[in-house]
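Make the full structure from the sequences, and use the hints.
Chain residues, written in single-letter form:
There are 2 protein chains.
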Amino acid sequence: MRKKAIILLSGGLDSTTVMAIAKHEGFELYSMSFFYGQRHSYELNAAKNVAEVFKVKKHLVINIDLNKIGGSALTDDIQVPKARSLNSIKKGIPITYVPARNTIFLAHALAWSEVIKSFDIFIGVNAIDFSGYPDCRPEYISAFEHMANLATKTGVEGKIRIKIQTPLIKMTKSQIINKGIELGVDYSLTHSCYDPDKGGFACGLCDSCLLRKKGFEEAGFTDPAKYSNTA
Amino acid sequence: MRKKAIILLSGGLDSTTVMAIAKHEGFELYSMSFFYGQRHSYELNAAKNVAEVFKVKKHLVINIDLNKIGGSALTDDIQVPKARSLNSIKKGIPITYVPARNTIFLAHALAWSEVIKSFDIFIGVNAIDFSGYPDCRPEYISAFEHMANLATKTGVEGKIRIKIQTPLIKMTKSQIINKGIELGVDYSLTHSCYDPDKGGFACGLCDSCLLRKKGFEEAGFTDPAKYSNTA
Chain A
4 MRKKAIILLS GGLDSTTVMA IAKHEGFELY SMSFFYGQRH SYELNAAKNV
54 AEVFKVKKHL VINIDLNKIG GSALTDDIQV PKARSLNSIK KGIPITYVPA
104 RNTIFLAHAL AWSEVIKSFD IFIGVNAIDF SGYPDCRPEY ISAFEHMANL
154 ATKTGVEGKI RIKIQTPLIK MTKSQIINKG IELGVDYSLT HSCYDPDKGG
204 FACGLCDSCL LRKKGFEEAG FTDPAKYSNT A
Chain B
4 MRKKAIILLS GGLDSTTVMA IAKHEGFELY SMSFFYGQRH SYELNAAKNV
54 AEVFKVKKHL VINIDLNKIG GSALTDDIQV PKARSLNSIK KGIPITYVPA
104 RNTIFLAHAL AWSEVIKSFD IFIGVNAIDF SGYPDCRPEY ISAFEHMANL
154 ATKTGVEGKI RIKIQTPLIK MTKSQIINKG IELGVDYSLT HSCYDPDKGG
204 FACGLCDSCL LRKKGFEEAG FTDPAKYSNT A
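In order, the protein sequences belong to chains A and B.
If you're matching positions, the first sequence starts at 4 in this note's numbering and goes up one per residue.
If you're matching positions, the second sequence starts at 4 in this note's numbering and goes up one per residue.
The reader is advised that the hints may include incorrect statements.
As the list makes no split between identical chains, a pair holds if one copy fits it or if it spans any two.
[Said to hold, decoys possible] Under the rule of at most 25 Å between Cα atoms (straight-line distance), these lysine-lysine pairs were calculated in the PhoX-like manner:
1) 201 to 173
2) 120 to 58
3) 229 to 216
4) 162 to 6
5) 201 to 85
Simulated from the structure, these hints should not be mistaken for laboratory data.
What follows is the structure in structure tokens.
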């Protein structure tokens with residue numbers, strides 16, 4: 004029987020590349036997306052399309068109540084920062100940080116992993132071309148993995164260790180794009196922008212768009228994302 | 004300014020006692036309950052009543068999508084075990100275990116703690132008179148606390164350490180009840196049963212009822228819970 008992997012799938016460039024890597028490694032694919040009161044649903048649609056293209060065994064969309072908790076430009080009515088320099092993106096923790104988001108996502112994946120008996124949870128965190136979010140760093144991932152093995156029936160029974168797989172964590176954005184293209188990823192399926200317009204066109208100016216555009220430039224490929232005229 | 008505490012409040016005996024302890028320690032109280040597709044809503048009503056009696060600053064009820072994930076008698080259509088001996092309750096992990104439930108609850112509390120700047124999260128876990136759930140043990144709680152301090156802005160900025168407070172973890176059920184009564188808790192507000200009847204009467208036979216009844220007997224107090232005639 005093939006080993007099962009759960010992939011946290013936002014529909015963005017990173018998680019789609021992670022999906023391709025898990026497929027390449029021979030896992031049976033289960034994907035999980037979250038509706039957490041984010042400002043738009045384009046990324047959820049992108050995730051659904053990616054899941055279909057990769058023929059996942061099951062794609063779960065989980066609702067979470069982060070908008071009741073608030074505290075982020077991605078869930079509250081706070082303006083998304085635009086046109087920041089790459090230096091300032093890499094300094095400090097911006098207002099787009101969603102408190103404990105990856106912990107909440109991974110906790111749900113952990114629950115599902117117990118039910119379907121998957122012991123490999125893939126997440127597309129990256130600590131190189133990133134916005135300084137604390138829950139994208141290797142030391143955080145190790146601590147979550149350690150906790151996961153104490154939290155669960157799987158961990159307590161002790162036969163199999165749950166692994167949080169982070170294949171992109173030390174790659175630059177252009178290395179990620181090169182890897183994805185090597186594995187045949189169609190990046191036109193993906194959505195990265197924090198603040199798209201009503202037609203779903205990317206703004207080209209938020210941190211996420213800026214990191215993506217720089218990645219494609221450095222990799223030497225054309226970014227198939229559709230940007231609005233103002234970008 | 005008074006320090007803020009977040010209390011995970013199920014409306015049961017343990018979490019209500021924890022609320023009384025946090026109040027006694029002088030914290031400003033914030034409580035959080037979860038609707039996770041459990042079989043009944045009596046415990047959520049109990050939690051709401053407890054929050055009112057303790058005059059919490061804010062009571063949040065968070066919806067989580069555990070029924071999409073399944074895998075437990077408390078969220079799936081699986082029968083709750085009845086009339087087990089106390090020895091068998093303490094052996095192994097029963098079907099009422101909800102995969103990664105405390106991790107999901109604590110992850111939400113962690114998110115809220117960042118937003119309201121509370122650094123003390125109280126949870127009524129107990130590793131003595133309990134059902135063998137892995138996510139109630141001290142080693143799990145320590146691992147979560149360590150992870151929490153790496154996951155968050157608070158943890159990264161490093162001035163204040165987030166604490167997961169578990170005042171009941173090494174107490175017997177009768178010690179918990181004695182403590183609560185000493186602090187003036189009205190246990191008639193609380194609901195413990197996994198499988199109440201349609202009138203909200205406790206079954207008296209599930210693990211949770213059996214542990215509660217034994218606790219009141221040993222503490223020498225009358226249990227104010229309403230049990231159905233079959234109990």
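### Message
Flag every earlier hint the structure violates by its number, smallest first.
### Response
The structure conflicts with hint 1 only, although it agrees with all the remaining ones.
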